[in-house]
Structures are given as C-alpha cells and as structure tokens.
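Which chain is which? The protein sequence lines are A and B, in order. Taking the numbering used here, the leading residue of the first sequence gets 1, the next gets one more, and so forth. Taking the numbering used here, the leading residue of the second sequence gets 1001, the next gets one more, and so forth.
Keep in mind the hints are simulated off the structure, nothing from the lab. From the three backbone atoms N, C-alpha and C, an ideal C-beta is built for every residue, glycine too. Everything hinted at is true.
Away from chain A, derived, C-beta distances all over 10 angstroms, residues of chain B:
{"hint": "1", "residue": "1144"}
{"hint": "2", "residue": "1172"}
{"hint": "3", "residue": "1283"}
{"hint": "4", "residue": "1315"}
Here are some chain A residues the structure puts well away from chain B; computed CB gaps all over 12 angstroms:
{"hint": "5", "residue": "12"}
{"hint": "6", "residue": "62"}
{"hint": "7", "residue": "64"}
{"hint": "8", "residue": "110"}
{"hint": "9", "residue": "145"}
{"hint": "10", "residue": "149"}
{"hint": "11", "residue": "163"}
{"hint": "12", "residue": "173"}
{"hint": "13", "residue": "254"}
{"hint": "14", "residue": "274"}
{"hint": "15", "residue": "301"}
Facing chain A, a subset of chain B residues (Cβ under 7 angstroms, in silico):
{"hint": "16", "residue": "1103"}
{"hint": "17", "residue": "1109"}
{"hint": "18", "residue": "1116"}
{"hint": "19", "residue": "1121"}
{"hint": "20", "residue": "1130"}
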Amino acid sequence: MDAIVMNVFVAKKFVIVLITLLIVSILAFLVPYVGSDDPARAILRARTVDDALDPAAIEALRAELGLNRSLIAQYLGWLWRALHLDFGYSFATRTAVDVMFVQALKVTSLLAISALILAMVIAVPLGTIAAMRPARMFDNAVTVFTQTLIAIPEYWAGPLLVLFFSIHMGWLPSAGWRDFNSTILPVVVLSLRPIAYFTQVSRSAMVEVLRAPYIGAARGRGLTASQTLVRHGLRNGMLPVITMFSLWLTSLLGGSVVVEVIFGIPGMGWLLYDAVLNNDAPLIQASIVFIVALAALINTITDIGYALLNPSVRLTHDKA
Amino acid sequence: MTSIVLNAKKEVGAVQLAEPILDIRNLNVGFARNRLIAIDALDLTVRRGEIVALVGESGSGKSMTALTAMRLLPVGAGIISGEVRVHGRDLLALPPSAMNAVRGREIAMLYQQPKIMLDPTATIGRQIAEPLQIHRGLSLKDAWPHVIEALRDVGIPEPERRAMSYAHQLSGGMAQRVMIAAALSASPDILIADEPTTALDVTVQAQILKLLVRKRDEASLAVLLITHDLMVVSAIADRVAVMYAGRIVEEGETRAVLRSPRHPYTQALLRSSLLAAEEDGRLYAIPGSASAARGLSCGCRYHPRCQAARSLGIEERCRSQEPSLSTASASPGHQSRCWGVQVTAGGMQ
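Using the sequences and the hints, build the whole thing.
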C-alpha cells in the first residue's frame, strides 16, 4: 500500500506546483509593465549615453522586441517559449537569459549548499548535545553562541574575516570565485546564521523528542541513552531541521546579495540586482518564475522527504 | 461487566511455594522539590508465575513504584532508601549503566497509552527486535523470525505484514499487544504492567488480560499489575496490595481482600467500584481527597477520611500513632494497616 500512497501523494504535490507556476507566470510576465519605464526606452538609455532618445529608434526596437503586440499575445508567446526553456535575451547584455541563469546558478548553488551543509554538520551535533542536558552549562553556552551568531550581520562578519584571514594573515583570497581557497570565506560567512538557527531548531526539537513517551519505553527495553538517541531520537528530531534546511535553501538559492557583493561572486544575487537596476524585462520575468519554481520544487522535495521519514504524514494526506 | 472475570487465578498452594522474582523491601521514594513522600516504606513481593495487583487511586504511588523498579524515575524524584531485588540482586545498588542489561532482559514494562509508547517513525518490528538485538546480540535480520513469532504469539493477524506497520496504523488494543511482544521478546522474568488496559475498551481489556494470564502460565511470568480498577484485579490477580498515600494499607490473596476487606479504605474503594454498586445502581464516593494525607507527620494516613475511626471512637489513636501491617483474617498473608481491625480483633480475644 505504501508505494501507491506515496505515488498519489507525489502526483498531488506536482499538480499543485503546476497550478502555482501558471499563476505566477502571469504575474511575473506583468511585473516589468507595472514599472513606469517603457522597456524599449530603458534599453536604449542603457545602450547610449545620449539622453534624448530618437522616437523612431524606440518604435523600431518595440517592434523588434514584440512590445507593440497585445499583452495577451505577448504573454502567450512568452509562455510558449518559456515552456521550451527559452526566456529570450537580456535587454541589457543581449545574452540568452537561460545561459546567464545557468552560470549564475552554478555559482550560487555551490555557495549555498556548501554553507548549509557546513551549518548542518556543526549545528545538529551541537543542538543535540545541548538538548541532552537542558539548562546545564553546555546548553547555556550553546544558547549564548547562537544568539551571538544571529546578532552578527553578514556585512560586518564578511569584511572582518577578510581583514583577518586575507589581509592580516594572508592565508585566503579576499574576493573572487576561482579555486577552493576563494570559496572558504564566503561559505563560512554565509553559514553563520544558518548555524545559529539550525542549532536552535535541532536543540528544541531534540529536547521535545527526548521527553517523548516512546523514548522512555525504548529505555525500558534496555537501550542505553545513546542507543535511544540514535535509534529513536534523531529521526524524530530531524523533521523540523529538514524543514528549516529547505527554507534556507530556497532563500539562499535566490541569491545571497550581501555575501556575493562583498566577495565579488558572480551568482544569482548579482544577476537579480543588475536586472532590477536596468529594468531588464526578460531577466526579471525569468527570475521570478525561476525563484518560485525553485521554491515550489524544494518544498515538494521536502514534503516528500518528510513523508518518507514520518509515515504518519502519508496517512494524513491520504485521509485529506 | 462481570463477564470479564476469567476464573484464571491459580491454586493458592502453588503460589506460596514459588520463588520470589521481584522483592521490594522498605522502599522510600520522594520528590526533592516539595519534599513530598511518594512511596513510604513499601514492602512487596511478586513470585514466579504470580500476578500481584497494586491498587490505589491516582497519586497513591503506584506508578512511582513501577518507575523505581525500572530505575527510570522522572527528574526531581529520588530514591531515599530501600531495596528492589530481582532474583535476590538489589537493582538500586547497581551502577546506572548496569541497569541497561537488566531492563528488557530481567524486568520489562507495559504502559497505559501503548500508542504513544511506540516510536512513530520506526516499524513495530524494529522495536520488538530491539531487546533481541541488545540482550541477545542478534542482527535485525536474525531477530526478524523471532519478531514474527512474537507477533503471532500475542495474537496479531498477518504478523509478516504487521511487522512493517507503524504505530499510527494500529488500534489501541493492537498497540498494547505489540508492546507486550516487545516487552517479552527477550523473555524477562517480571513484567510491570502500569494500567495496561485503562485506555482500552472493555472487550479489548479482557483480551489483553487473558493474554497476560496466558503469559503468566506459559512462561511462569511474574506480573506486577498496577491498576485502579478492581474489576481487573478480581479478574486476574492472584494477590492484591492496596496502596494509599504511598503506604500499603492492606494486602492478601485477591479473594480474601475483595470478599472481606478489612481496611476502611479498601472497603470504601470496593463500595465505589462496579463490583459493588449500590442497589439503586449508584456508585459510592469516598468523602474527602487523598491530598488530605499530605503533610501528615504521624498517625494513619487515612484517618482524615476514615468513618470507622469515628464510629469506633478511636480517632485519637488513629491521629497520633500509625498502625503497622498486621494479620487481618484467617486467609494466609492477609494483612491490613488499621487500628480498627486490631482493636476489634483484640476485643474478640
């Protein structure tokens, strides 16, 4: 029965994602039109130094970009191409949007995933050990540690670490995204707040799980405290941590503008920042669709992972 | 309701001769925070192949007795003194790490709410296998046939398929059967069952009780049955001990205690149970509350609620001196802790 339940569960999730994406595609398509500036003017202004724009040139460009057609025609054309992963060309750079995306996403996803995995590796043991003896010294130290990390902004931690490790000690490059060494500082800076939040979540989840009746029952069968933790504690305690991991992944894959700007990393953060500054319609439209699709995809994977970890979730959806 | 009586009690002679499995001696347990005594000088013996019921109302110290024997007391509760002997070895003298080899292997426990006692993310098969893995050193694969057999033994249909189920897929009665399979999988000698049928409906109760009786007879299992339900006691217990405010106030063979209870508390408890509903079908309610016993430094714990003390005119003695457990009737081992019983017995001499 489990395989069928799982398949129905996954199918339902994907239908919901498709409907979401359709609605978002309409909104995303309209966003550049809401802005006061006409894209054609914006492009011409970006390409020339001359402030006075030639009306004939504007009209020619509008025709070239298809901006003189009706909105619905434009949307359907755009959607059709988007379904074939053709998001057009950036108005500003005239490069294919999908190419720009793939390049930026490679960089950002490596940065984000490394930072989050580093955070998990540090946070889960820290939170778990703290939860084993709540309100004792280690737990209190962890609380102070996480509160401190949360209070440190990236734009302060970044330059500070650069100052010490790059300029003072000369061990690591201060910026760029070329080799392993150049990735260390941005990954560390980006992981600071996730470390704090993951630690807090895994601590509170484990405190609750370790108080659960089935933990006492497992001890009653002769399991040691650590056997109980491994067999029954972690799996139950990890559910909220996985949720938080996926929330952070969604947020960081949309680009971590501050860290990318500090370390000069050509990722999604830079790309979006530029797109908005230039009112670069194809890039903005594609970005919105992309970020929502990404969020939906990660949420779906999380829900499926959740159902795999916690069998009673499958049942809840089965009944619904 | 009386159909629940299983006529399952053993012959008296056989019980008396069997060796003691669980032997609690002069046990005192308390809470550090409010200096409340939970268990007061408790003596209790459970012999091989015997079901002993520990009866009392909420807060009388029944569950604390179970958790003390498992050495799984909640934070804040502590053992003040006493011994919990299993096969003659005092568990309270063992280092905490040595208890891991005892729990599940020598002493196991059942609980009131079986469903929340099972890990929601692990199959029931894995949990039944745990005592075998830990105490017998079997791999999960090698333990699996035993798991299936244990499930079949406790009456779970389609055990091969059910072993892969999760707690949420089971009914309460099924979950309690699973808990019994898990508790007994490494064949412990004593099972402590803390209100094992309270959360189940009556027909399922009877099935679970039957299962416990069968285990007592087949495996010579010693069972300490903790309950507030005298129906359950009369159905399966060989002996019964009545607890009030941390103290045993009466004990003896079930038939003797339930037929001719001597302690006023036991009498009141019986009158308030379905075993002895008033003629108009109403149940008797004991006046006052057990919290009246808190903070009493001397005297009988029950005297603030005791009507016998008043009618016998011995209130002064009940208030100032605590009676000891003394012979209550001709039934072997029937004892009660009551001045009234001692006074009337003395008067008859």
